[in-house]
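Protein chains in written order, with the numbering used here: chain A, 1 to 289; chain B, 1 to 289; chain C, 1 to 381; chain D, 1 to 381.
Think of the hints as simulated: they come from the structure by calculation, not from any bench.
Honestly, I wouldn't trust all of these hints.
[Stated by the list, open to error] If we take Cβ atoms under 8 angstroms as the criterion, some of the chain D residues that face chain A in the derived model are:
#	residue
1	Y40
2	G144
3	L186
4	S213
5	L260
C-beta: ideal position from N, C-alpha, C; glycine also.
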Amino acid sequence: MSVLLNQDTKVIVQGITGRIGSVQTRWMLSYHTKVVGGVTPGKGGGTVEGLPVFDSVEEAVKETGANASVFFVPAAFTMDAFFETVDAGIGLIVVVPEHVPVHDVLRMRAYARERGAFALGPTTPGVLVPGVGKMGIMPAAMFAPGRVGVISRSGTLSYEFAGILSESSVGQSTVVGMGADPVVLTNLPDLLKLFEEDRDTDAVIIVGEVGGEQEERAADMIGNMQKPVSAYIAGKFSPQGKRMGHAGAIVRGSSGTVDAKHAALAAAGATILESPIDVAEWASAHNLS
Amino acid sequence: MSVLLNQDTKVIVQGITGRIGSVQTRWMLSYHTKVVGGVTPGKGGGTVEGLPVFDSVEEAVKETGANASVFFVPAAFTMDAFFETVDAGIGLIVVVPEHVPVHDVLRMRAYARERGAFALGPTTPGVLVPGVGKMGIMPAAMFAPGRVGVISRSGTLSYEFAGILSESSVGQSTVVGMGADPVVLTNLPDLLKLFEEDRDTDAVIIVGEVGGEQEERAADMIGNMQKPVSAYIAGKFSPQGKRMGHAGAIVRGSSGTVDAKHAALAAAGATILESPIDVAEWASAHNLS
Amino acid sequence: MRLHEHEAADLFEKAGIAVPRRGVAETTEDALRIGEDLGYPLLVKAQVLVGGRGLAGGIRTVDSPDRMAEAADALLGSEIKGLAVRKVLVSDKVDISRELYLGITMDGFDGRPVIVVSTEGGVNIEETAGKHPEKIAAVHADPGASFQPYEARNLLRKVGIAGKLLVACADVVVKLYRVFTRYEALIAEINPLVVTAQGGVAAVDAVLEIDDSAASGLGEAAPDRLSRYENPIERKGREIGVTYVDLDGDIGLISSGAGLGMASMDIIGRRMKPANFLETGGGITEKLLYQCMELLMMKRGLRGIFINIYGGINPIHEGARGVVRYMEEHGLGIPVVAKALGNLQEETWEIFRSGGVHVVTEAATEKAVDRLFEILSNNAR
Amino acid sequence: MRLHEHEAADLFEKAGIAVPRRGVAETTEDALRIGEDLGYPLLVKAQVLVGGRGLAGGIRTVDSPDRMAEAADALLGSEIKGLAVRKVLVSDKVDISRELYLGITMDGFDGRPVIVVSTEGGVNIEETAGKHPEKIAAVHADPGASFQPYEARNLLRKVGIAGKLLVACADVVVKLYRVFTRYEALIAEINPLVVTAQGGVAAVDAVLEIDDSAASGLGEAAPDRLSRYENPIERKGREIGVTYVDLDGDIGLISSGAGLGMASMDIIGRRMKPANFLETGGGITEKLLYQCMELLMMKRGLRGIFINIYGGINPIHEGARGVVRYMEEHGLGIPVVAKALGNLQEETWEIFRSGGVHVVTEAATEKAVDRLFEILSNNAR
């Protein structure tokens, strides 16, 4: 098996008729992902890349048996599409768009939790399982099958880490983009739990960045994990690290700096990677190739 | 027993320090109602009619063991007080104020239902059980103990009916004001059910009025009741019958006129009273004195 | 409070709904000036708060300044269903390819707003409900939650709306729902919602009724509430805080509740004719009932007055003082019958009697109306 | 986007929160005129988007026109923490009997707004959290639901606020929460929330940071977003749709993601100094990367450029064309190293190489930065 995406995942693409949606559908298909259709309201009845386009998610689910969806819809329409998708009973939603309003994300997150849907993003490259398929925009060239899991807050850094691993003959079990926004639909500890439970994953790499509290709040989970964990935090010299305002962090005394994250992660037993390239050595030390 | 209010009901008065709140507290106490305290935010620590005043409902419940609340708060603060009261675990709420915004009532109603609280109003005279107590503004002089239940959409008409019955030596088990607003917190069928199940009630009088669908939608319930039901509908010549807009009624084909209500009620087996005074004869025919 | 079409149209447009270009005219000159700006053909629509305006001749199509002058002259100052036409809305005549219906209102029993769409626009939705129920679809919205475009699309698909129109109409539904919640409306309606020859969607009529209790409602956009009461006594009633509705009978009525007022009217109506409906709500003071008497006496030709009040939340003895003071100061010359029961009823009766009011102490309004009828019959003899 | 204090104060006041009387001045004459209107004593506050303004001398109390002129002269045109002071806020000096703290922000991990109150106002909330955690209380709000006054009162009671102040503060909390949701803020803060000598409650400072992604946010009230970028290259970056942050090094950077950009800076920073942070997001086109090159070259004294892009959502071959076209047209004279991987990487490499760009094909950014360092070292020799 793998995390989130597997042989039974049947994917629809929302916003499939758009410029990016249609191109990415082609890339997903060429990576052998089971894409079964798409949705663009008002364009139902057409086809893209030979796949049927529907007016509504409900219809798409009924006609194709889809159980997962990846979004290429404009940021302003994302909340609408999200509620529709959850209502249609889709269990896995990958929200690729960036610039989704944070207040919308709060509501999407609450909506998904109340109804038991699992979602990644916004601003996520998606999820990729080498040899099985991908939902999102990850470039296939960087990935190779194997037994290391990667969870990344940054899209591009997830490619970087997968690329470095692949070059070192260390394959990946599943690579997951958490999403780069200040509020994401699924928190880091919940993703770590999936990898800890995945029989095809032997170790996990966290690719974090300055700001927020995801890494600090994952410490408890990491402390309880059997599998080795390493972590890289970008933004030591960042001039802009999104400060979420002191009042929020103050509640729990977190500060969101790289140093604070390093301290919390190291205390929990994770190996700190000073530079992405260090991941190769770590993988080799843990015989992960 | 009785409906809603009984010997175990311990009442707090919200807005107890206000002009109306304090006067009505006196009237309720003089009717032997178990009023145990009051709430006015910012005035906690004082007393009214010898009863302690609290800053919050939570505190009032903790200190007095109250399980019911009657509202004399301004319309604009009613939703706030309502949410607070439901959150504090109070199970019976009587919302006396008029002019509560309808959109607030929608949210109050949903809030109460989700959390299992029972509420009357807005614009209700409250509930009165002769010989036991009253929550609200019903004038004690009109009521006498007995076995006829009264449910009224109009406050003043509930007094009128109780008065006519009392003069005819027909006492009441419980008199309930549903509230006169276009949307009320508890619908007529739910109140009828309570009276049907009440061992101290032998028959029920519905005092309705033109507009809305409460009476029409109660027909199913009435059809299933063992106890005799009579109904009076005010507003045959009403120049103003609050029309709730055709689009709503159209969904179910109801029209809200006096004739439509008479037809639905009669078909369900209720006796139609053409004038309030006719209730005396109906009571006598059913041996209710 | 129901808004005039032009007021509602402004709010709809502000919310992003397409509304034809338009102007409001109080004089024929204004109408002609607007006509010049917009270009013909145009619609001229009487701004009166009543349904069925079109059938009553309140909407005219004009294709030239001459016809505009004719229409404006004819409409302005005329009466439609008894209501004076003070303003006309002059509006672009849209090329119509299709007419739809969109309405949002309160479902009082369900306690939720209900959104209704139909492919039959421009006619009464009741008519469609009778003849073509399959052309109507409705859905409830959750109070407090937003109504999302996909919910609108799912609704519209039920009546067969598809393609670009599906997306365009869903946008209007969502925006109208936002108007409905933002202004705390009881009714928001677009009938017809027009699909233009160019494929756009526009609101060719605009209905918005605001909850009178909603303070937050219109904010700065609030039209003068009093100005909509065209009857001077009704306006005065609103000013002092009571609900007064003018009728064409001769028995004045003061009641302390809407239900009691309606029942009183019903009972009076059996043998006499009520001159008005007046309900005080829960705010009786000496001053208020004094003012209510003033209000009643603004109407010419009253034969008698019936006061029907309960002392629940109201201090009826204070009210009685107000009535008696008015009678002492003005000397009515017509009989007043009062039924006043509840808290402090004995004090109240005493005060009423001291001023020459006929007091009925039985609970049944029927008895009190009988008494008034008797007195009037005796007087007539 | 963080608003200036005076902009935030206007929005707070519009929401019904009491804010001292005030005016905004860009010149000393304006400041004096406002002073005359309001009467002394007054506060003069530099409008710069940075914390710790007071300690840096950016807030002055003036009790006469002479002092006002001195303060305005001193502040206007000066720099505070490196930011130019273009405006000052002139504000009534309120008689303070007590200072409280009120802040609302996003709890990103919880996915809910968190409302924080403290009886220690006028100081950093972090400081209070360290020294007197018992003087702080916080509660989460449900997204989509309203925040009711009783919830605010329950929160305030936790830090011992009672009586009239309880009700007055709860009112401010609810209104600030409404501002927070209405304008889709990330931070809304009043520090201090002042209890005046007269017992009123007023917002003596106003912080509001709006989510840049929230289109609906400010509506008509929206200040010009571009105008807040005081650095001309940063403003230009915003115009073309990329995030550019100016730094004081000499290695230009273009990256196609924020994480990759930060990591690149971290790696460059070990042996060299980045001149900027630039991330394109997912919108790379030939034109955009051409413009990014223009942007980079606006800065004087660059020694080299590092391009670090991935072909996931981005068509990197198009981006490469833009870079190469710029180089052909302008002849840079400094080395460019590119790491470009992912979809269509081979085409991309070919294009880069054709324009003289040094291409690194390994995944690790470290390797590419090494390459640039080597080239620069060799050049220097």
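Hint-by-hint comparison with the structure:
no.	hint	verdict
1	Y40	violated (34 angstroms)
2	G144	holds (5 angstroms)
3	L186	holds (6 angstroms)
4	S213	holds (4 angstroms)
5	L260	holds (4 angstroms)
Checked against the numbered hints given earlier, the structure breaks only hint 1 and satisfies all the rest.
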